[in-house]
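Number of protein chains: 2
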Amino acid sequence: MSWELKSDRPIYTQLIEQLELRICSGIYPPGSRMPSVRDLAREASVNPNTMQRALTRLEEDGLLHTSRTSGRFVTEDINLINQTRNKLAQEQVRIFLKGMSDLGFENSEILSILTDTVKEWSI
Amino acid sequence: MSWELKSDRPIYTQLIEQLELRICSGIYPPGSRMPSVRDLAREASVNPNTMQRALTRLEEDGLLHTSRTSGRFVTEDINLINQTRNKLAQEQVRIFLKGMSDLGFENSEILSILTDTVKEWSI
DNA sequence: ATTATTGTATTAAGGCCTTAATACAATAAT
DNA sequence: ATTATTGTATTAAGGCCTTAATACAATAAT
Chain A
14 MSWELKSDRP
24 IYTQLIEQLE
34 LRICSGIYPP
44 GSRMPSVRDL
54 AREASVNPNT
64 MQRALTRLEE
74 DGLLHTSRTS
84 GRFVTEDINL
94 INQTRNKLAQ
104 EQVRIFLKGM
114 SDLGFENSEI
124 LSILTDTVKE
134 WSI
Chain B
14 MSWELKSDRP
24 IYTQLIEQLE
34 LRICSGIYPP
44 GSRMPSVRDL
54 AREASVNPNT
64 MQRALTRLEE
74 DGLLHTSRTS
84 GRFVTEDINL
94 INQTRNKLAQ
104 EQVRIFLKGM
114 SDLGFENSEI
124 LSILTDTVKE
134 WSI
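Chains as they are written, first to last, in the working numbering: chain A, 14 to 136; chain B, 14 to 136.
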């Protein structure tokens, strides 16, 4: 998975989302060691300071913890990870339904559009 | 409908989205006259320059046109408005499915989550 | 013991966004 | 004819974000 950073929002907020995503989807497994700040920054083509800023946020949320000089580690609290995953999913759903509703689509329409799109995707 | 401007993205991009939304959902009907730049700016609590920047963009897309000193008007091209509405809707769907997929949800799960959420909302 | 790697902190520069204050041109309204 | 309202343009200031260049402390690796 690439980092897909766009210029329409602050990079550090996008990094936060990407990192959350990678932890929630198991790319960085529970308890595993994260790449160093410098490595992550190089990988995402951003300044180490910017990556650090994002990592600090994940730490505040408890998804990461730091062991001074041996690096950062993903939490082993699977419960927290799952809660985060569900929180992110619900947020996606909420934004989607709000957006479609604002465009004037009825619930029934939304469901049928989605069903159709999913079918097309899976063909 | 209030303007709901957040600070996590440039305001002018949010204004563009809001204005598109209002045209597509009929709040500003086809052919109708828009409030003046200054009035819109006051309404959204932003600087006239910022509102102007957003309006210029809508104009480039053909959703608005200007009649020098009598104001801006919404296009009468209902076809264009509908195309825009569908484009925005498809974009919502695409982002939603991408987001849920990145979180590791299967298509079937996505559909059932959405169905459930819609049911809860309508209770 | 020494070295390399880790996270962390600081400072300066530049860029984009937003606001604010003005001003001007065109024309509808009077 | 005059006035008010419209869109439009310009300039300066401040804020946040990002990068870049450094430096330091702690400790794992050697």
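Simulated from the structure, these hints should not be mistaken for lab results.
These numbers were taken from a predicted model, which means no experiment stands behind them.
Virtual Cβ for every residue (Gly too), placed ideally from N, Cα, C.
Don't take every hint at face value.
What follows is a list of derived Cβ distance ranges for each label pair [as the list claims (entries may be wrong)]:
hint: 1; chain 1: B; residue 1: Asp74; chain 2: A; residue 2: Glu104; range: 21 to 31 Å
hint: 2; chain 1: B; residue 1: Glu30; chain 2: A; residue 2: Ser15; range: 22 to 32 Å
hint: 3; chain 1: B; residue 1: Ser45; chain 2: A; residue 2: Lys111; range: 42 to 52 Å
hint: 4; chain 1: B; residue 1: Arg46; chain 2: A; residue 2: Trp16; range: 40 to 50 Å
hint: 5; chain 1: B; residue 1: Pro42; chain 2: A; residue 2: Gly84; range: 19 to 29 Å
hint: 6; chain 1: B; residue 1: Glu119; chain 2: A; residue 2: Trp16; range: 23 to 33 Å
hint: 7; chain 1: B; residue 1: Arg51; chain 2: A; residue 2: Lys19; range: 24 to 34 Å
hint: 8; chain 1: B; residue 1: Glu56; chain 2: A; residue 2: Lys111; range: 17 to 27 Å
Lysine-lysine pairs mimicking DSS-like chemistry, simulated, CA-CA at most 30 Å apart [to be verified]:
hint: 9; chain 1: A; residue 1: Lys132; chain 2: B; residue 2: Lys19
hint: 10; chain 1: B; residue 1: Lys132; chain 2: A; residue 2: Lys111
hint: 11; chain 1: A; residue 1: Lys100; chain 2: A; residue 2: Lys132
hint: 12; chain 1: B; residue 1: Lys100; chain 2: A; residue 2: Lys132
hint: 13; chain 1: B; residue 1: Lys100; chain 2: B; residue 2: Lys19
hint: 14; chain 1: B; residue 1: Lys111; chain 2: A; residue 2: Lys111
hint: 15; chain 1: B; residue 1: Lys100; chain 2: B; residue 2: Lys111
hint: 16; chain 1: B; residue 1: Lys132; chain 2: A; residue 2: Lys19
hint: 17; chain 1: B; residue 1: Lys19; chain 2: A; residue 2: Lys19
hint: 18; chain 1: B; residue 1: Lys111; chain 2: B; residue 2: Lys132
hint: 19; chain 1: B; residue 1: Lys132; chain 2: B; residue 2: Lys100
Computed far set for chain B versus chain A, every beta-carbon distance over 12 Å [claimed, not checked]:
hint: 20; residue: Glu56
hint: 21; residue: Arg66
hint: 22; residue: Phe86
hint: 23; residue: Ala102
hint: 24; residue: Lys111
hint: 25; residue: Glu122
Hint by hint, here is what the structure shows:
no.: 1; hint: B/Asp74 - A/Glu104: 21 to 31 Å; result: holds, 29 Å
no.: 2; hint: B/Glu30 - A/Ser15: 22 to 32 Å; result: holds, 26 Å
no.: 3; hint: B/Ser45 - A/Lys111: 42 to 52 Å; result: violated, 25 Å
no.: 4; hint: B/Arg46 - A/Trp16: 40 to 50 Å; result: holds, 45 Å
no.: 5; hint: B/Pro42 - A/Gly84: 19 to 29 Å; result: violated, 59 Å
no.: 6; hint: B/Glu119 - A/Trp16: 23 to 33 Å; result: holds, 24 Å
no.: 7; hint: B/Arg51 - A/Lys19: 24 to 34 Å; result: holds, 32 Å
no.: 8; hint: B/Glu56 - A/Lys111: 17 to 27 Å; result: holds, 21 Å
no.: 9; hint: A/Lys132 - B/Lys19; result: violated, 35 Å
no.: 10; hint: B/Lys132 - A/Lys111; result: holds, 15 Å
no.: 11; hint: A/Lys100 - A/Lys132; result: holds, 26 Å
no.: 12; hint: B/Lys100 - A/Lys132; result: holds, 19 Å
no.: 13; hint: B/Lys100 - B/Lys19; result: holds, 23 Å
no.: 14; hint: B/Lys111 - A/Lys111; result: holds, 17 Å
no.: 15; hint: B/Lys100 - B/Lys111; result: holds, 16 Å
no.: 16; hint: B/Lys132 - A/Lys19; result: violated, 35 Å
no.: 17; hint: B/Lys19 - A/Lys19; result: holds, 18 Å
no.: 18; hint: B/Lys111 - B/Lys132; result: holds, 23 Å
no.: 19; hint: B/Lys132 - B/Lys100; result: holds, 26 Å
no.: 20; hint: Glu56; result: holds, 17 Å
no.: 21; hint: Arg66; result: holds, 14 Å
no.: 22; hint: Phe86; result: holds, 21 Å
no.: 23; hint: Ala102; result: violated, 6 Å
no.: 24; hint: Lys111; result: violated, 9 Å
no.: 25; hint: Glu122; result: violated, 9 Å
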